[in-house]
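So the protein sequences, as listed, match chains A and B. If you number the first sequence the way this note's numbering does, the last residue is 316 and the count never jumps. If you number the second sequence the way this note's numbering does, the last residue is 464 and the count never jumps.
Read the hints as simulated data drawn from the structure, not as lab findings. Be a bit skeptical, because a hint or two may be false.
[Unchecked claim] In the DSS-like style, the derived pairs of lysine-lysine whose C-alpha atoms are separated by at most 27 Å in a straight line are:
no., chain 1, residue 1, chain 2, residue 2
1, B, Lys264, B, Lys327
2, B, Lys383, B, Lys327
3, B, Lys429, A, Lys201
4, B, Lys304, B, Lys264
5, A, Lys6, B, Lys264
6, B, Lys383, B, Lys264
7, B, Lys319, B, Lys304
8, B, Lys319, A, Lys6
9, B, Lys264, B, Lys319
10, B, Lys382, B, Lys392
11, B, Lys221, B, Lys304
12, B, Lys221, B, Lys264
13, A, Lys201, B, Lys319
14, A, Lys6, B, Lys327
15, B, Lys383, B, Lys304
Predicted, not measured: the structure shown is a model, and the values here were computed from it.
Residues per chain are reported as follows:
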Amino acid sequence: MNRGRDFFYKYRIEFAVLGVFFALITVFAIANPRVFLNYRAYMAVFTTLGASIVLVTANVFVVASGEMDLSFPSIIGLSAMVFGVIARAGANPWVGLLAALATGVACGFLNGILVTRVGLSSLVSTLGMNFLLRGLIMILSGGLAIPLTELLETPIWKIFAGTLGVFPVQLFWGLGFAFLGWLLFARHRFGGHVCYTGDNLTSAKEMGIRVDRVKTLTFMLMGFSAGFVGVLVTLLNSTFWPTTGDGYLLLILAAVFLGGTPTWGGIGTIWGAVIGAFILGFIETGIVAAGLTGFYTQFFYGVILILALISHRYVGLKKK
Amino acid sequence: MAANGAAGNEQHLMKVSGVCKQFGFVQALKNVSFEIGTNEIVGLIGDNGAGKSTLIKTLTGVHPADAGELYWKGRRLGNFSVHAARDMGIVTVFQDRALSEQHSIWRNIFMGKELTGWGGFMRVRRQKQETQRLMKEMMGFTSSFVTPDTPVGNMSGGERQGVAICRALYFEAGLIILDEPTGGLSLSETKKVLKFVASIKESGKSCIFLSHNMYHVYPVADRIVILDRGEIVNTFVKGQISIEQLEARLLEIAGTSDVDLKVPVGSKAVARG
């Protein structure tokens, strides 16, 4: 068969999602060419997109392994608090970064243990963890924010929240993370084991794959990325808010499913999820620029998500 | 693992001695002992529920045995696991075929035993080339519609069995365990599978062929072992018994289980006497 056609067929889901993205941008550009033919609109969206890309990348692993993680918003918050407290105390903020990452990984490990050793359903146990950790943040912080304006223009701020040319640097962190994630997912033995675990747990076990270890590592990866995002968001706002991470839950899951990773596990696409994050990132800006009120945002999230799921069926994404 | 297995009898590839396994109140295996010779095809016949699958899961390290010993080339196996079994070259083609249906043929061939280069990254092109070669040389797939990238879920039952058996042969298995390899297959597909079993013998390897169908086992097996309700009731070398005699013996065994079902629990001993 033709090489180009093979390539197109192999990545047909990603191309379908990309098509949705360009259709959306076209509609917005027609509705308001003044805003959408200017690069500033894109840069505004890109400022917060990096964090979303990091989160969807890790989430594809979790969903492909046949599990669900609803606790990452609170892991973001807890890691952000750890970073904020350490930086506020005047310690080296790089130590704060490491501590935040370690916090995220530890929370992910706990999720993994609850699912693989205790045998809880990940859907419910991570929901519980989400409440528990958010409650912990509220108790420890007393609901108070931590201002971190002293970090502005410091090296760590420039590296994680500055700009590179006209581009917000977080976009590159996000895309770099997604690239590494794709290598791990599609080219590394670990990604294969994640997919086999989600496809057929019994088969994977029979072929000698340590499924419990694979699942725990997947939750730890999710925790790591949430810890990283906690620092990214805190540096971007120069403040730790006790609600940090709260708004991400449904948006990230929607981006993953919109991007073509099915809910039943076994397969997934990192690039599809990244495009999904772009689509959802542009909807809000696009709707406001098109002259509609912000009240339409959620309505359009829903419309796009359902249309995308229907389109997936036409490119052959169905449970066998 | 430095010593070269000098101790013990060399003629047996694997020896199972007094293996027992209990699940709750069910005694799945009762004092099971048998041997698998080097380059021997052992046919293990038993009805559904005779304990065949439990026995296989014990031989491959999935379940540890409650009692009894396993020997591999005369060496006693302690601390046995799925990984230890695979490292020794015991490979099973399971009844459910242990395939990942949403994934390609090449991913399934190398599932859990990926060819990796630096840092655990897969050598994707190498794996696809090897799969292409296997498909041509062993599986007999010549259609251009089936490529190494074809998802296993799109293939027929016989083709899937072919993928699973080729995977076992590819990894230089010393002992291949086939768990109901002809289950649910059409006549022509069964024929193909029996050819595969014969090729295992030709390549100098050993095989345990589990089935409840004696007509599939008899033509290819060197030795036939009959398992009934967790116990080995007979072992025949093929020359010792004709297919008619084997059939009569199996019917006789099936008959005793009918008696057991009809007689109340308390009078079991009388019925057997």
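Hints, one by one, checked against the model:
1. Lys264(B) - Lys327(B): Distance of about 33 Å is beyond 27 Å: violated.
2. Lys383(B) - Lys327(B): holds, 15 Å
3. Lys429(B) - Lys201(A): violated, 35 Å
4. Lys304(B) - Lys264(B): Since the Cα atoms of Lys304(B) and Lys264(B) sit roughly 24 Å apart, the hinted pair holds (cutoff 27 Å).
5. Lys6(A) - Lys264(B): violated, 46 Å
6. Lys383(B) - Lys264(B): violated, 31 Å
7. Lys319(B) - Lys304(B): Given pair Lys319(B), Lys304(B) holds - Cα atoms ~14 Å apart, limit 27 Å.
8. Lys319(B) - Lys6(A): holds, 15 Å
9. Lys264(B) - Lys319(B): violated, 34 Å
10. Lys382(B) - Lys392(B): Holds. Lys382(B) to Lys392(B) sits at ~16 Å (cutoff 27 Å).
11. Lys221(B) - Lys304(B): violated, 34 Å
12. Lys221(B) - Lys264(B): With Cα atoms ~23 Å apart, Lys221(B) and Lys264(B) stay inside 27 Å; holds.
13. Lys201(A) - Lys319(B): Holds. Lys201(A) to Lys319(B) sits at ~23 Å (cutoff 27 Å).
14. Lys6(A) - Lys327(B): Distance ~23 Å between Lys6(A) and Lys327(B) Cα, so the pair holds.
15. Lys383(B) - Lys304(B): Judged against 27 Å, a Cα distance of about 26 Å means the pair holds.
This entry does not satisfy hints 1, 3, 5, 6, 9, 11, going by the numbered hints stated previously.
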